[in-house]
Every structure is written in structure tokens, then in C-alpha cells.
Amino acid sequence: MISTVYAVTLACMAFIAAVFLFVIVNSKEVEADYPAVINKWYGVRSKWFFFLLTLGIVITFASTNPFPISDQKKEYQEDGHQLVKVGAHQWYWTMTPDTVETGKPVVFYVTGEDVNHGFGIYDENLTLVGQTQAMPGYTNKLVHTFDKPGKYKILCLEYCGLAHHAMITELTVEKADQQ
Amino acid sequence: MSGTAVASGKVEYTDSENRNALIAVKAHLIAGLSVFLLMMLGGLTMRAAQGTWIEIGVDLFYQIMTVHGVGVVGAAVIASTGVQWHFLRKYVRLSNAIFWTNFFIFLTGVVMILGSIFLGGYGGAWTFLYPLPAISMGAWSTGAAAVFQLGVLIIGVGLLILYLDFGRAILARYGSLARALGLTMLFGKEPVDPAHPKAVVASTMVLIVNFLGIAAGAVVLVMGLINLYNPEFQPDAMLMKNLIYFFGHVIINATIYASVIAVYELLPRYTGRPWKTNKVFLAAWFAIVFMVMGVYPHHLLMDFPMPAWAMIAAQVLSFGSGIPVLVVTGYGALMLVYRSGIKWSTTTKLLFLSMFGWAAGVIPAILDAMVTINRVFHNTLWVPGHFHFYLLLGLLPMIIGFTYYLAGEGDRNEQPKATDSLGFYAYLIGAFMTSMVFLASGANSIPRRWAVHMEEWVTFAQVGTIAAALVVLGTLLFTLRAIFILPGAANPR
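Chains as they are written, first to last, in our numbering: chain A, 1 to 179; chain B, 1001 to 1493.
Read the hints as simulated data drawn from the structure, not as lab findings.
For each residue, glycine too, the CB sits at the ideal point set by N, CA and C.
A portion of the hints provided could be inaccurate.
Stated by the list, open to error - Here are the in silico distance ranges between beta carbons for each label pair:
hint, chain 1, residue 1, chain 2, residue 2, range
1, A, S46, B, I1023, 41 to 51 Å
2, B, T1142, A, Y92, 39 to 49 Å
3, B, F1187, A, A32, 34 to 44 Å
4, A, P68, B, D1236, 34 to 44 Å
5, B, P1231, A, K74, 42 to 52 Å
6, B, E1012, A, N65, 20 to 30 Å
7, A, P68, B, E1012, 53 to 63 Å
8, A, I57, B, G1115, 45 to 55 Å
9, B, K1343, A, S46, 23 to 33 Å
10, B, A1178, A, E124, 36 to 46 Å
11, B, P1305, A, V25, 30 to 40 Å
12, B, F1187, A, K104, 53 to 63 Å
13, A, N39, B, W1053, 27 to 37 Å
14, B, G1009, A, N39, 20 to 30 Å
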């Protein structure tokens, strides 16, 4: 997902840069009949607008069905899920349990015990695989299924004071058949 | 004010009023650019510290981070207000006294904020996210947090006074905000006037959204101040977060909508082509009023208790916010320049660059505003990547381009000086690199707002440091030009 988003961003930016460069290259030559320029490019603009509109509708529908955030009102049961309670404090994490297994959805119940924090799960390559905010007075339910075993890192992703960057802990993910 | 409105629709002022107004606009630009330059030095320091090239304490790092955030927003606001006021006063009668009043209130707020950070040690970030200002674990005092929030509040009050003057003047000339915004033309109650000033349309939009945004900011700042001295008063953290991001998002976004007036006003002069107001333009700006205010929940997509409808609306409106620039303003600028025979000067290069920066900066912003993507990009360096793209390559080129125009670059038909060219290309390359390194860092999951980077991330910060140094060099040359040439420059024709 991350590399795809990055590639799409670079491609779209390169397209816009190419359009601007095209106009710069064609800026010295003078076309005195500006109404003709307007008529020609207004026609292109209408098509461009409807293309963006259609793209927006398709992307919105495709990216929100199903809705990517887990149901916050649902009471998750232990038989089908692994339940982990997470507390975020200045500047440490409490996590019970701190070991889970692959293949079975993990529901993290995340809350902020003092100020706002961000619960970010990083794999062994330091790639962010999921996150939620940890807010005082609220418990966010983050559901994530781990495919790979390993030592995952939990990093704080919301600025919470002077040792924000040191707020790191570890989550162990074991292979399901090892347990 | 003794001037009168003339038949052309432009307001006439006395010579002394015009002289005073010009000094005021220059003061806004010089103050804004100087603050930008200092904040960029702060940014350079932070990147060098993350890149392990210098060592600073984490307390100082987060103080610099706080001043960098609030300083850039403040500089953007004061400089863009200067641009906006310069053009708006041609069409509606604005008060010099109130413009100056806002300027001095702003400076007062700046002094308070600087004191709270560098004397009081406040390092709670410019977002003052409740309840962090009150719970610092001894890093700063209640008083420091209070002075910071009072400084922001005072700046907001000054702006509200200025916007009251904008509102009074616009209503006196057009009768209603709807008419100033062109809605009577858009909905067929009046024939479309191709000369209806874009400065008035944009200013009306900015007035509406900023008035509401600053009001929300004032509410949350006052609640935060009460909490500081009466900790038993504990407002809902989610409500506070909504108010803070509504305020913050609106006020920084509005700066680009205020500054784009310079492009609307100046690019037609340099290309010799008219940029007429039409229904598409009016519809776009009417939509912007709602979109700028409605998109802020895209900052709260990882706050899962937020209603799903608000998140989806934020995603849709974020995509929609890109359409006016991609289809109307940016597209219009492209048509204006295409085969126009434009003479490329530092002014025109900067104004045209601003359109690219805005249009291209939309892309990473729209993608990050999608809920499914936000799960792995939120609060990584992707976020500063997209807003540095907007600000460095969109907003600042508008402001600096306008400064060059005001310094008289176009009037004397002069060739760009070597220092101007050096400044432009150092800035262009540096700003582009800075933004792209942030985006690449975000694509590598590097979190934002970390004083100390893990070993794996240090190279990104080092490349970012070199990029930031180029931005500082370019901005230094631009700012020196503004400081030495702007004060003596006559009002451009």
C-alpha cells in the first residue's frame, strides 16, 4: 500500500510538472487571438473536470466499502479475537498481554492515561502497519491481523512532550502453531 | 478617510492615505519574510539535529519545533494579509488605522509567544493540543503555557478586528456578503460582470472562514486557559481536538486563498491578457467556503470514535478541495501564460511557480486524506511533506512574487540580477528537495515531531538538512532584497 501511494503521488506530480513545463516552453511564442486559446482549452477543461469528478466518485466508493476502520461499538469476544489492553502514559506504554499470535485478529483497546498519544505499530523493517490515537477519556479499538511473526515496535505518533520520541515498547508476534 | 468611490468601481484615497497604506503593506511583507527566514533557520537546525550533524537538547528541539510551527503560521497570516489588503482596498474602503492596529497587536502576540517559549520553556507544539499544555511533567510552567495561549488569542483578536473592517467595507460597497461573493451572478439574479474583482470574491471567502475559524480558536484557547488554572475543569478532549484542528486548518489554509489574489491581479498584467470573472470561477469560490471549513476532520481520521460520516465527508471534501485549483485557478493561469509572450522575471517566475506548487501539493494531501491510506501515513513525515510543498512552493512564491512586484522589478524593465537568479534557483531546488525528502521519509514510515531519529532514518534527515540550507540561502537573498529595496520603492503603476 505505502509504495503504491508513493508511486501514484510521484506520477501525478510528474504529470502536473510536465503540463507546467509544456506551458513554459510555449510561453514565448505569441498567440494574439486569446479568445481562440480560451475556447480551445475551455473545452479540454470540461473534460478534465468530469474526469476528476468521476475519478473522485469511484475512489471514494472503492476506498470506503467496506469502511476501513473497525466497528467501535462492537463488543469483541475472546473466542474469535485476541484482546490487548493498551495504556499510553508520559512516556511509556502499558500493554497486556504483550505477546500475540499470527492469523487471528488482535483487538487493541487503546487509551491515553494523561495526554494525547499515538499508538503506531511498526514491523521489523520499521514499516508502519497500523495506528490509532490514544486519547484521554476515550478507548479506541484497533483491529489488526498479523501475518508475519517477529518483534514489532510500538512508537508514539502524537507529540506528547519532551520524551515523546523515547516512548517505544515491543510487541512479540509468534507463529500460531508454536503456541 | 476622505476619498470617494469613483465610477470605475475603484476607491480613491488621498495621497497621504496611499503613502501610509504602502508603508503599512511593506511593513507586513518585511515582517512576514523576516519571520519566515528565522523559522527556516529553526527548521534547518531541527533537520541537522535529526541528522546528527549538531547536538541540541530535546527541550530546545521541541521549543524550536513549537516556535517554527507557530511562527510560520503567523508569518503566513501577516504577509498574506498584507497582500490581500493591498488589493482589496482598491475596491472597498479600508481603514489604514485598523490595518496598523492589527499589525501592532500581532507584534505584541509575537513577543508574548517568544517569551513563553524561550524564557518560559514552553514546548507544547503550536497546536497546544489539550491537555498537553497543562501536563508537561515539569518541562514548562503553567504561566508559560498560559502566556503562549494568550499570545495566540491576542493575535486572533487583532485579526477579528481587521476582519470586522473588511466586513464593514464589503457590506458598504456590495450590500451583502453573498453579492460580494458573486452569488447573485452565479444564481442568475444579476448578469455576470466579468470585471467583478477577484480580490473581493477571495477576500469575502477568507473573511467568512477565518472569522469562524478564529472564533473557534478563541473558544478552545479560553477553555484551555481555564483548565490551566482550574484543573478540575476538564473539557472533552475530542471536542477540544475538533476545535483546535478546525481553527488551525482554516487559518493556515486561508493564507493561500488570500495570497492568490496577487496571482489574479498581477498575472494578467504581465501576460497582457484579461482574467475574467465567470460563473465557473464564482462557483469554485462558493464551494471553497464550505470545503475549507468542512475538511478539517481529515486530521482526525485516526480518532476512531469520530463519526464515520465525518471521516467520509472529510475524505470527499479533501478531494473536492483540489478541484478548484486543478480546474479553475491553476488551469486559468496556464491558459493565461500559454503563448502569451510573457517576459520571465523573478516576479513572474515566482507567481507561476506558486501555481505549480499549489496544484502539485494537492496530490499527497488528497491521498493522505483517504481513511484507508491515512492508517499508514498519519503523523509520519508525509504530512510535513505535503504542507511544506504547499507553503514553500505555493504560498511563499505568491508572497515573494508580490514583494518583487512591489519593489518595482517589472516597472524598470530590468533583467533579473544574478543574486535574484541565484536566490530563485537556490530556493526552488531547496524547497522542492525539502518537500520531496519529507515525502520520501513519510513513505518510509518515519514519524514526525521526533527530536531524535533512529539510525535507519538519519540519512533522510541529512539530505533534508542540505535542502533546508538551500531554502535558507534563497530566502535570505529574497529577504535582503525586501529589506533594502522595498522601503524606498514607489507604488507600482
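Against the structure shown, which of the earlier numbered hints fail to hold, in ascending order?
2, 4, 5, 6, 10, 11, 13
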